[in-house]
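Enquirer: Take a look at the letters that make up each chain.
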Amino acid sequence: MRRVVITGQGTINALGHDVPQTLEAMREGRCGIAELELRDLDRLSVRIGGQVKNYDPEALFNRQQIALYDRFTQFTLIAAHQALDASGLTFAGELSVRSGVVLGTAGGGVNTWDENYRTVYEEGKNRVHPFVVPKLMNNAAASHVSMEWNLKGPSFSVATACASSNHAMGLAFQLIRGGAADVMVTGGSEAMLSFGGVKAWEGLRVMSKDACRPFSANRNGMVQGEGAAVFIFEEYEHAKKRGADILAEVVGFAMTSDAADIVMPSKQGAARTISGALKDARLNPSDVCYINAHGTGTAANDKVECAAVADAFGHHADDLMISSTKSMHGHLIGGTGAVELLACIMALRDGIIAPTIGYEEPDPECALDVVPNVAREARVEACLSNAFAFGGFNAVIALRRAP
Amino acid sequence: MADSVRDKVIAIIAEQAVLEPGDVAPEATLEDLGIDSLGLVESIFAIEEAFDIQVPFNANEPEASEFDISSVAAIIAAVEALVAEQKGA
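Chains A and B are the protein sequences, given in the same order.
No gaps in the numbering here: position 52 of the first sequence is 52 in this note's numbering, and each next residue is one more.
No gaps in the numbering here: position 81 of the second sequence is 81 in this note's numbering, and each next residue is one more.
The shape of chain A in the complex, shown without the other chains (with noise of 0.2 Å):
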């Protein structure tokens, strides 16, 4: 069977602008989150996120780059261009046929929406700009690294919710796997931190004011982020023969919908994509030192999640480390389970740990080790990665250490 392996790496987050920074913010468990910046934060009840500081796109687009860029397509070139760069691969002839991009987002071009509504309910114009709609588009992101990079294979985007990134970087590693392409850019993107992202999450009164807590007794909600992760997956034999750096491999993934409630997460879905994912790489559970957990910080999802690991992975679910990284970048909603899978790796190629912050008080519906508040070293063999998106669609991906 094909094998596919990772080799490059980029991000922009809360926690840095690009994975060196990021990677040491998980280390020494530092926060992203603070009060947010943008317009009409005086007529939110949320005002705090995992949002991208001292960002100057004027600085890294010109202006006829930026009148068809999101902020969301933004991050994702940012972040594509390191791990190209980081991968050392350029794309002609065949390569180029037989190389796509497969980004993950829920919501596109949100800030672009927004903005353009504004134009027209707000300050009563009848005219938007003529780019509204290729900038929008939540394939935006994904077309524009195909033209930079010359990729011609499959390509698309995938929206499902807080597991879009999960899902694209799943069937990234399925299309190599499966003999359609030799080279996947892949990860995904989200810039919902708007005025009406923020006030359409807040409806939904699940949103902490304070903090993400994820795991602990009093968490009181989960906090928006925004950014990117990019990742490139490549067949092992193709990355071999060219000496490439080899991060770590990707070894399974499965996905499952719970056929259940509209945003309600159930342990039995998210236990089965666990053990689905388990199979799919050939991992016993023993073989499994760590999870990033989804872990968003509300009350349902972290102790339906504790108990789907404690089912799939049964008494070895005490001796894992399983901790959630939202609680320092936020919930990048589709976006998310790339910036997450910065973490696997690091916790596969340099041993460490990254914690769970702001962890107050044990929760006995939460009983597992989630690496409270500092980052520990470990020498992990294999780790999985969670996503269990609203409308009970649920995607893990399994990675394990280069080979």
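Calculated from the structure, these hints are not laboratory results.
From a predicted model like this one, the values you see are computed outputs, not experimental measurements.
Each hint should be verified, as a subset may be incorrect.
[Claimed, not checked] Derived SDA-like pairs (lysine to any residue); straight-line CA-CA distance at most 20 Å:
{"no.": "1", "chain 1": "A", "residue 1": "Lys199", "chain 2": "B", "residue 2": "Val41"}
{"no.": "2", "chain 1": "A", "residue 1": "Lys303", "chain 2": "B", "residue 2": "Leu38"}
{"no.": "3", "chain 1": "A", "residue 1": "Lys199", "chain 2": "B", "residue 2": "Phe57"}
{"no.": "4", "chain 1": "A", "residue 1": "Lys209", "chain 2": "B", "residue 2": "Val55"}
{"no.": "5", "chain 1": "A", "residue 1": "Lys209", "chain 2": "B", "residue 2": "Phe45"}
{"no.": "6", "chain 1": "A", "residue 1": "Lys209", "chain 2": "B", "residue 2": "Gly34"}
{"no.": "7", "chain 1": "A", "residue 1": "Lys199", "chain 2": "A", "residue 2": "Lys303"}
{"no.": "8", "chain 1": "A", "residue 1": "Lys303", "chain 2": "B", "residue 2": "Ala64"}
{"no.": "9", "chain 1": "A", "residue 1": "Lys209", "chain 2": "B", "residue 2": "Val41"}
{"no.": "10", "chain 1": "A", "residue 1": "Lys199", "chain 2": "B", "residue 2": "Glu48"}
{"no.": "11", "chain 1": "A", "residue 1": "Lys199", "chain 2": "B", "residue 2": "Glu42"}
{"no.": "12", "chain 1": "A", "residue 1": "Lys199", "chain 2": "B", "residue 2": "Gln54"}
{"no.": "13", "chain 1": "A", "residue 1": "Lys209", "chain 2": "B", "residue 2": "Glu61"}
{"no.": "14", "chain 1": "A", "residue 1": "Lys199", "chain 2": "B", "residue 2": "Asn58"}
[Said to hold, decoys possible] Sample of chain B residues with no beta-carbon within 10 Å of chain A, all distances over it, derived:
{"no.": "15", "residue": "Lys8"}
{"no.": "16", "residue": "Leu33"}
{"no.": "17", "residue": "Leu38"}
{"no.": "18", "residue": "Ile44"}
{"no.": "19", "residue": "Ala64"}
{"no.": "20", "residue": "Asp68"}
{"no.": "21", "residue": "Ile69"}
{"no.": "22", "residue": "Ile76"}
{"no.": "23", "residue": "Glu80"}
{"no.": "24", "residue": "Glu85"}
[Said to hold, decoys possible] Pulled from the structure, derived: some chain B residues nowhere near chain A, Cβ distances all over 12 Å:
{"no.": "25", "residue": "Val24"}
{"no.": "26", "residue": "Ile35"}
{"no.": "27", "residue": "Ser65"}
Cβ atoms here follow ideal geometry from the backbone N, Cα and C, with glycine treated the same way.
Once you've looked at the hints, dock chain B against the given chain A.
Expert: Leaving out everything else, chain B in the frame of chain A:
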């Protein structure tokens, strides 16, 4: 005023529970009426809109909220208090 708050709140809960207002007993809990967490959030939204008030409620810690949802009567009393406080009635 008190009666109209009571009638409006019962009407909102009845609509959510798909019941006649007369079948919504003050001692009933939302669970008795078959209202789940999404139904509760939607009811609170309808209450805020109907009375033009802000209801402090976080679905992650319903017990910790100052807004008592333990029964229909408790919700009516809580709404009356919020109306008095926020509308200066």
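Enquirer: All hints are to be evaluated individually against the structure, with a verdict given for each.
Expert: Here is how each hint holds up against the structure:
no.: 1; hint: Lys199(A) x Val41(B); in the structure: holds (15 Å)
no.: 2; hint: Lys303(A) x Leu38(B); in the structure: holds (18 Å)
no.: 3; hint: Lys199(A) x Phe57(B); in the structure: holds (15 Å)
no.: 4; hint: Lys209(A) x Val55(B); in the structure: holds (15 Å)
no.: 5; hint: Lys209(A) x Phe45(B); in the structure: holds (18 Å)
no.: 6; hint: Lys209(A) x Gly34(B); in the structure: violated (29 Å)
no.: 7; hint: Lys199(A) x Lys303(A); in the structure: violated (26 Å)
no.: 8; hint: Lys303(A) x Ala64(B); in the structure: holds (18 Å)
no.: 9; hint: Lys209(A) x Val41(B); in the structure: holds (17 Å)
no.: 10; hint: Lys199(A) x Glu48(B); in the structure: holds (15 Å)
no.: 11; hint: Lys199(A) x Glu42(B); in the structure: holds (15 Å)
no.: 12; hint: Lys199(A) x Gln54(B); in the structure: holds (14 Å)
no.: 13; hint: Lys209(A) x Glu61(B); in the structure: holds (12 Å)
no.: 14; hint: Lys199(A) x Asn58(B); in the structure: holds (15 Å)
no.: 15; hint: Lys8; in the structure: holds (21 Å)
no.: 16; hint: Leu33; in the structure: holds (19 Å)
no.: 17; hint: Leu38; in the structure: violated (6 Å)
no.: 18; hint: Ile44; in the structure: violated (7 Å)
no.: 19; hint: Ala64; in the structure: violated (8 Å)
no.: 20; hint: Asp68; in the structure: holds (16 Å)
no.: 21; hint: Ile69; in the structure: holds (12 Å)
no.: 22; hint: Ile76; in the structure: holds (20 Å)
no.: 23; hint: Glu80; in the structure: holds (21 Å)
no.: 24; hint: Glu85; in the structure: holds (17 Å)
no.: 25; hint: Val24; in the structure: holds (22 Å)
no.: 26; hint: Ile35; in the structure: holds (14 Å)
no.: 27; hint: Ser65; in the structure: violated (10 Å)
In summary, the numbered hints that this structure violates are 6, 7, 17, 18, 19 and 27.
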